[in-house]
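Novice: Take these sequences, add in the hints, and give me the full structure.
This is what each chain is made of:
Protein chains: 2
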Amino acid sequence: MASPSNQEAKIIDGKAIAQTIRSEIAAEVRALSEKYGKVPGLAVVILGTRKDSQSYVSMKRKACAEVGIKSFDVDLPEHVSEAEVINRVHELNAHPEVHGWGCLLRCLWLHKFALTPIIKVATSTGILVQLPLPKHINEEKVLGEISIEKDVDGFHPLNIGKLAMKGREPLYLPCTPKGCLELLSRSGISIKGKKAVVVGRSNIVGLPVALLLLKADATVSIVHSRTDSPECIIREADIVIAAAGQAMMIKGSWIKPGAAVIDVGTNAIDDKSKKSGYRLVGDVDFQEACKVAGWVTPVPGGVGPMTVAMLLRNTLDGAKRVIEQ
Amino acid sequence: MASPSNQEAKIIDGKAIAQTIRSEIAAEVRALSEKYGKVPGLAVVILGTRKDSQSYVSMKRKACAEVGIKSFDVDLPEHVSEAEVINRVHELNAHPEVHGWGCLLRCLWLHKFALTPIIKVATSTGILVQLPLPKHINEEKVLGEISIEKDVDGFHPLNIGKLAMKGREPLYLPCTPKGCLELLSRSGISIKGKKAVVVGRSNIVGLPVALLLLKADATVSIVHSRTDSPECIIREADIVIAAAGQAMMIKGSWIKPGAAVIDVGTNAIDDKSKKSGYRLVGDVDFQEACKVAGWVTPVPGGVGPMTVAMLLRNTLDGAKRVIEQ
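Going down the list, the sequences are from chains A and B.
Just so we're aligned, residue 655 is where the first sequence starts under the working numbering, counting upward by one.
Just so we're aligned, residue 655 is where the second sequence starts under the working numbering, counting upward by one.
No wet-lab data here; the hints were simulated from the structure.
Any given hint could be a false lead.
To be verified - Sample of chain B residues facing chain A (criterion: CB under 10 Å; computed from the structure):
| id | residue |
| --- | --- |
| 1 | 811 |
| 2 | 818 |
| 3 | 819 |
| 4 | 820 |
| 5 | 822 |
| 6 | 855 |
| 7 | 856 |
| 8 | 864 |
| 9 | 872 |
| 10 | 878 |
| 11 | 884 |
| 12 | 978 |
Think of the CB as a built atom: it goes at the ideal place given N, C-alpha and C, for glycine as much as any other residue.
Specialist: Right, here's the structure in full:
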C-alpha cells in the first residue's frame, strides 16, 4: 500500500502547456505563410445538431482561426446518407489546395496587404470528421475513406498499424495520446525503462497511448473492465494514464508515491452547488492523488486542452509535408 | 518467489495439435474441391539461396501439398531488383485464379477422373514472401505491396491496425501469434480476465500476440530489453508468452505456480554431444519450468509446428472468402 508522501504533487497545467504549443504553432504557420504564401487548412465535418459535438467543433474551428489555420466548415444534416458523407470525404481527399475568401482576407492581413504572396495563397487541408456519427452511418466505413495523408485525427487503421509496429512511423499520431506524451515530456518526465500502466483500452485513447508508451521504451501494462484488482498493477506504475471513463475510480492508495498521473477522464457528476447541477471530474480522485503522486493533471485543464493543440500540430505537420516537399 | 509445485507441468504437444489442425484443413480443402471444383493456392516467394529460408520454404510447400493446397513457386535470384520483386507481387495480386498442370492432375485425382468439375478448376492464392529479404530490398515496401486480401502472413500494417483496434477484424492474423492462442484454447486454458505477460515486442510475435491477448480480454503486460527486473512482472502472470530470442532466460523461479507457459523462442546453443555441434532451446528453461508451471510448450515441437498449420489455415480461410462469396 502506498504511504502518502508529505510533499504535494506537482500539478501539470495542461492549459498553460497547450497555450505555449499554440503559440509555437502560430509562429510556424506565420513563417510558412511568409515563405510560401500558403497556410494549412482543416476541413471539419459535422453531421446533425448534437450539442456536445457542435461545441467541440466550434472550439476546434476557433482554435484554428487563432493560430492562422484555415478551417473549412462542412455542416451536413442529421439525416444525410452514408453515400453522401463518403462523397464529401472523397471531394476533400481530392482537394490538394483550397482557396477561399476567409483565407484571402487573413492572408491580406498576414502579408500586410502586399499583393505578391496573395496570388500564391493556397491551403493544404487535413480532414476531421466529428464523432460520434448518427446511428445510420457506418463510422468505420466513413473514417476508412479519409486519405491517410489527411487523417489528422490519426484514427485510420493503417496509421494505427504503423503506430503499433516497430520501425514504422504513422503519418499522424492520435491527438489525445500524443497530448499525454507531450505533457510528460514538457514536465521533464522520462519514459524509457519506466513502468507505465494504461487504464482503459479504447481505440481513441487507451490502446494508442499504450502503443506510444511501448515505442518510447516503457514497460507497459493495460488494465480494463475485465481486470481483477487493477489497483495491484496500478500501484507498481511510475506512469499512470487513466482513460477508463469512470469518475474518480483511481484512489490515492492505488498510486505509487512519486508517480506521474495523467488523467484523461472527463466525467460529469451531480453537484447541486453548481448552477448547471453538475461538475466535471476525472478518472482519478484528484484530491487524494495530490497527496501521493509526483505529478498529476487536473480535470478540467489537464489533457483536454492538449487534444486540440495536438490537432493543430497534426494539421500543421501535414501541411508542411505537402508545402515543403 | 514461486514455490515449486509437486506436480509436473502438462506438456503441450504442439506437433500433435498441429497435426490435428492439418487433418481438419485437409478435410475442408477436400470438401471445397468437391463442392466448387476449386482448391486454395499459396504463392511462396523466395529470394536467393539462404539455407534457413530455403528449408522453411520447402517445409511450407510440402505442408501445402499434404493438405491439398496448391503452392506456386516463385524463386528469384539473390540480386533481383526491388522493382522486379514488386512487379511479381503485383502480378500475384492481380491473379484471381491460377491454373496449372499440377492443380489439374490433383483435381483429376480428387474428382475421380470425372471431367465436369475439372473445367472449373481454379485456385485463389495467398501470397507469402519469405523473410528476411536481401539487404538491398526494402522489406517494408515489398510487404506493403501485397494485397491485404492475400496477406496470409498477416504482416500488412492495415491488418495489424485492425488487429489492434476494438471492433475491427483483420482479414488474417499473423501465424505464430494465432498459433500461440490456438495452443491455449486447444489445451482448455481460458484467457478472459487472466493476467498475461508477453516477453518481447517484435512485429512478428510479441506485439501482435499482446494485441490478440488484449482482444481476448486478458490483462496484458509487455516486457522487453529495456525492462528492469522482468521477473517481477512475469511472476504475476497466469499466461506467459516468451518471445525474446534469449536462450533459457526465463527461469523456474520466474514462473507463477500453475501458469501456462508458451515458449516461442528457438535458439541454437552449443552442444558437443550432438553431431551438429548444437541443439535448439527456447526462451524458457524447460526443465525448471516443468516443475512450476501448469502447462508448458517444448522447443522444438511446441509453437514451431503451429506456425505452419496457421499459415495453411489462413490460406484456406482466404480462399473460402473468395470461393464461397
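Novice: Each hint needs a verdict: does it hold in this structure or not?
Specialist: Hints, one by one, checked against the model:
| no. | hint | result |
| --- | --- | --- |
| 1 | 811 | 3 Å, holds |
| 2 | 818 | 5 Å, holds |
| 3 | 819 | 5 Å, holds |
| 4 | 820 | 5 Å, holds |
| 5 | 822 | 6 Å, holds |
| 6 | 855 | 6 Å, holds |
| 7 | 856 | 7 Å, holds |
| 8 | 864 | 9 Å, holds |
| 9 | 872 | 8 Å, holds |
| 10 | 878 | 7 Å, holds |
| 11 | 884 | 8 Å, holds |
| 12 | 978 | 23 Å, violated |
The structure shown violates just one earlier hint, number 12.
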